[in-house]
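Line by line, the protein sequences give chains S and B.
Just so you know, we're using my numbering here: the first sequence kicks off at 82 and counts up by one.
Just so you know, we're using my numbering here: the second sequence kicks off at 22 and counts up by one.
If you are wondering where the hints come from, they were derived from the structure by calculation, not from laboratory data.
Please note: incorrect hints may appear among the correct ones.
[Unchecked claim] Ranges of calculated distance between the beta carbons of each label pair, as one might list FRET restraints:
1) S/R704 <-> B/A32: 17 to 25 angstroms
2) S/G726 <-> B/V87: 32 to 40 angstroms
3) S/R694 <-> B/I49: 33 to 41 angstroms
4) B/L97 <-> S/G726: 39 to 47 angstroms
5) S/G726 <-> B/E92: 33 to 41 angstroms
6) B/D113 <-> S/V670: 54 to 62 angstroms
7) B/L117 <-> S/S668: 50 to 58 angstroms
8) S/S687 <-> B/D113: 28 to 36 angstroms
A quick note: this is a predicted structure, and the numbers were derived from the prediction, not measured.
C-beta: ideal position from N, C-alpha, C; glycine also.
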Amino acid sequence: MENLIALLVAAPLLGAAVLLCGGRRLDRAGHWLGTLLAAASFVIGAVLFFDMLGRGAEERELHQHLFSWVPVEGFQADIAFQLDQLSMTFVLLITGVGTLIHVYSIGYMEHDERRRRFFGYLNLFLSAMLLLVLADNYLLLYFGWEGVGLASYLLIGFWQHKPSAATAAKKAFLVNRVGDMGLSIAIMLMFTTFGTFTFGPVLAATGETSEGMLTAIGLMLLLAACGKSAQVPLQSWLGDAMEGPTPVSALIHAATMVTAGVYLITRSGAIFNAAPDAQLAVVVVGAVTLLFGAIVGCAKDDIKKALAGSTMSQIGYMILAAGLGPIGYAFAIMHLVTHGFFKAGLFLGAGSVMHGMNDEVDMRKYGGLRKYMPVTFVTFGLGYLAIIGFPGLSGFWSKDKIIEAAFAKGGTEGWILGAVTLLGAGITAYYMTRVMIMTFFGEKRWQPAPDPDKAPSAEPGVEVHPGEMPHPHESPRSMTIPMILLAFGSVFAGGLFSLNSAFVNWLKPVTEFEHGHPPISAGAVTASTVVVLLIGVGIAYAQYGRRPVPVVAPRGSLLTRAARRDLLQDDFNHIVLVRGGEHLTRSLVYMDHTLVDGVVNGTAASVGGLSGRLRRLQNGFARSYAVSMFGGTAVLIAATLLMRGV
Amino acid sequence: MNPVNYLYLAALLFTIGAAGVLIRRNAIVVFMCVELMLNACNLALVAFSRMHGNLDGQIIAFFTMVVAAAEVVVGLAIIVSLFRSRHSASVDDASLMKL
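With the rest of the complex left out, here is chain S (with noise of 0.2 angstroms):
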């Protein structure tokens, strides 16, 4: 069985190879090729599931050594994978998730010429998503981050024709960059520690570790999963990304790349828990992410924006409850797997909206629309409803145990964190009604079709007449079935985990896990988390249901303005990161003009004025030689008989 894990790999990476290296003559079939491989590892993923759950608890856990990448004595890369239940999770997810997605781009990318290679990307992406969770070894994982990062660079930036899409790109690329810094970082520290870097050996060498050292790779570890899972300080990227396909925003936000982050942490959960400073971190990091993420969410009117702040919040969630130890990987994880079913839901029904408005994106643009998408509608609702957790939906039961966790960390810490996680599930409550009402509900707000001249339009092979008004039209089954699907598993998934602790059950091999007490009862918190999302909902209708939707935005307070520029995010790193780096680089310029190139020339020129004065001396003139002659047998013969003196 063990010999089939490659080949979770393999499928998806020989479709990248032949899409992107076939050429033309693949343009008819490649989509199909790239969707069939998708589901081929997805299968692979299924029956190596059925077979985990044939094997008892402590037996589910298989190997597979590929061969031997670095053999040099004392330092052993090899390929080699590791299935446990945390991989088989995200195996399920990222190819299961991933197929819908491909199934859904050949409606949403019909038009695109570049479709192949499109397809190419996202198998690229889907390999190495999975090579990154299934490696034993933490450089095998580093090698699928970098191929996530750089599957990601070329998806975002896949209209590179427009320039915002291009620098998105880079932007996501060069902060993406910042947090590999620090896992290659972590990476090192862990092999000058531990003098290996395979998952058994590192995670179970953690008792007999300096806690210092472990605090230090925790928090290398940290800024990495910030990096990819788009999280304060270095989640300016994922707004951005936006640019890209809808389909690779939900890919993205889904089923890979930002969930990275969440798996490293938990797939590290020895380090954190032998390390409380590190894991104090990620909780705060976790905490203020969410908070930020759901704030930015509220001030967006682009549809993809304001659904990217709900991810980036969601993610929090995962961060704060994967800082939380054995008491929170288990709900992390499970919050990752359902927020994949609704947010890629979400992202696919925002894709499906666009494809309706002539790639409207601006949602006070929208208006009325329920009645022209149906389908749409119901999913997206669907989806709606279990991202702000109403009760029995699969947000709900995922959400909910976090914030009893959060509650039961204990302590001061324990009631901040719980109310920063029961805040901003009414937050959620608020942006998420936000984002319905502008789209589906109240009267139409349907603008004239742009004059292309002046904003191209999105997608090149869409014909876009200007001034022509949208007709919203359901899209094609292609794009509706996945929707439908997806909406299934947004509002089933999480009431099947928590059948029984089913999820936790199967998880806690790996992860382990502690039941948390929160110092008010389960029930309480249920209660309240429904009542402050009921408080979110009615703000959000009172404002945005009950009066009509002004097309274009008012100037809004302080607060609503920052949040519009994504909270100064860029503003900041502008100022900080590149101001700062300006004056760094130019005092280093003035250095090397004054006091480097000072030396050098100094040198040359004392050197070259000496000369010139010592050039004088050869006059031609036979007595003033005989004068420096004779002075220097007089210096001769007073320094020797000096020297005889003493």
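Given the coordinates of chain S, assemble chain B onto it according to the supplied hints.
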């Protein structure tokens, strides 16, 4: 007579010779001053030889005389050819070796 007096004389002669080399411009005079210095050295060598009761100094003085004779031959020849080409015996006129 005290041999040290010869040393004083040798020093005096050497100083006169050195001053002549440095001050005078005429090549012949400079040349003669050089000879004077050589002979001052010879005198000192002989005086030391006498003081220490050792013949080595006197032998070296003979060598010096031979070398000086050879030098005179070559030196005078150079001065004559210099005078022929420049119509001057001044050492300062022959300053072609400067940069």
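Okay, the hints, checked on the actual structure:
| no. | hint | in the structure |
| --- | --- | --- |
| 1 | S/R704 <-> B/A32: 17 to 25 angstroms | holds, 22 angstroms |
| 2 | S/G726 <-> B/V87: 32 to 40 angstroms | holds, 35 angstroms |
| 3 | S/R694 <-> B/I49: 33 to 41 angstroms | holds, 34 angstroms |
| 4 | B/L97 <-> S/G726: 39 to 47 angstroms | holds, 42 angstroms |
| 5 | S/G726 <-> B/E92: 33 to 41 angstroms | holds, 35 angstroms |
| 6 | B/D113 <-> S/V670: 54 to 62 angstroms | holds, 55 angstroms |
| 7 | B/L117 <-> S/S668: 50 to 58 angstroms | holds, 56 angstroms |
| 8 | S/S687 <-> B/D113: 28 to 36 angstroms | holds, 33 angstroms |
Comparing the model with each numbered hint stated earlier shows that all of them hold.
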